[in-house]
Amino acid sequence: MSKGGPVSESEEKAIIKSLESGKTTREVAREFDRGAGTISRIAQRNGLDLAERSNVKSAALAKSCYASDDRIKLVGELLNKARSMLKTCDSSRDLQYLATSIAIGIDKRRLEESTDPSSRGGELRILFEKMGHEEVGT
56 MSKGGPVSES
66 EEKAIIKSLE
76 SGKTTREVAR
86 EFDRGAGTIS
96 RIAQRNGLDL
106 AERSNVKSAA
116 LAKSCYASDD
126 RIKLVGELLN
136 KARSMLKTCD
146 SSRDLQYLAT
156 SIAIGIDKRR
166 LEESTDPSSR
176 GGELRILFEK
186 MGHEEVGT
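Counting the sequence shown from 1 gives a position; this note's numbering is that position plus 55.
Among the hints, erroneous ones may be present.
[What the hints assert, rightly or not] Result set (DSSO-like, lysine-lysine): computed pairs, CA atoms no more than 27 Å apart in a straight line:
(1) Lys78 x Lys68
(2) Lys58 x Lys72
(3) Lys128 x Lys72
(4) Lys128 x Lys142
(5) Lys136 x Lys163
(6) Lys78 x Lys58
(7) Lys142 x Lys163
(8) Lys68 x Lys58
[As the list claims (entries may be wrong)] Just the calculated beta-carbon pair ranges, DEER-fashion:
(9) Pro61 x Arg81: 13 to 23 Å
(10) Glu64 x Met140: 51 to 61 Å
(11) Ala69 x Leu150: 54 to 64 Å
(12) Ser146 x Glu66: 55 to 65 Å
(13) Glu132 x Lys58: 39 to 49 Å
Because the hints were derived from the structure by calculation, they are not lab data. We treat Cβ as the ideally placed atom computed from N, Cα and C, and that holds for glycine.
Produce the entire structure from the sequences given, and follow the hints as far as they go.
This is the structure:
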């Protein structure tokens with residue numbers, strides 16, 4: 056439970072500094088044992104636009120989630136990890152799981168690299184681009 060009571064001037068300055076460093080309202084509230092509403096009011100009173108920072112975070116998230124090159128690299132990392140695990144795979148059950156993972160990784164890589172808009176990969180790429188534009192726009 057938060058400590059309540061008035062926020063001192065020095066505590067308010069420390070709260071503003073924490074918010075400016077990029078911490079979320081909830082993180083700062085936990086750090087100072089205050090309610091999230093108190094932290095939001097302090098931010099608003101001091102002219103910090105937390106909504107704008109949230110939009111910037113959303114745009115960065117959209118970029119990282121929907122960037123085709125990053126997704127292809129991630130699938131490549133998955134396939135490399137699976138290849139290294141083949142050497143230590145002892146049981147038939149583990150081999151089945153590993154083979155399934157490899158097959159899914161190969162299929163996703165093929166879909167990502169497709170440039171034919173009439174193919175399923177082209178549809179996937181268009182969907183991700185649309186989702187990325189919608190995330191950035193909101």
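Comparing the hints with the structure gives:
1. At most 27 Å may separate the alpha-carbon atoms for a hinted pair to count; Lys78 and Lys68 meet this at roughly 14 Å.
2. Between the alpha carbons of Lys58 and Lys72 the distance comes to roughly 20 Å, so the proposed pair stays at or under 27 Å and holds.
3. For the hint linking Lys128 to Lys72, the alpha-carbon distance of about 36 Å lies beyond 27 Å, and the restraint is violated.
4. Proximity of Lys128 to Lys142 is assessed by CA-CA distance (about 22 Å); at most 27 Å being required, the pair is judged to hold.
5. Among the hinted pairs, Lys136 with Lys163 is consistent with the structure: their alpha-carbon atoms are about 16 Å apart, no more than 27 Å.
6. Between Lys78 and Lys58 the CA atoms are separated by roughly 20 Å; this keeps the pair inside 27 Å, and the hint holds.
7. For the given pair, Lys142 sits about 23 Å from Lys163 by alpha-carbon distance, which is consistent with the 27 Å threshold.
8. Restraint check for Lys68 and Lys58: the C-alpha separation of about 18 Å stays at or below 27 Å, so the hint holds.
9. At about 21 Å, the beta-carbon gap between Pro61 and Arg81 stays in the expected band of 13 to 23 Å.
10. For Glu64 and Met140, the hinted distance range of 51 to 61 Å is satisfied, since their beta carbons lie about 57 Å from each other.
11. Distance hint check: the CB atoms of Ala69 and Leu150 are about 55 Å apart, consistent with the given range 54 to 64 Å.
12. Range check, Ser146 to Glu66: Cβ separation about 58 Å, and the 55 to 65 Å hint holds.
13. Against the hinted window of 39 to 49 Å, the Cβ-Cβ separation of Glu132 and Lys58 comes to about 45 Å, which satisfies the hint.
Hint compliance for this structure: hint 3 alone is broken.
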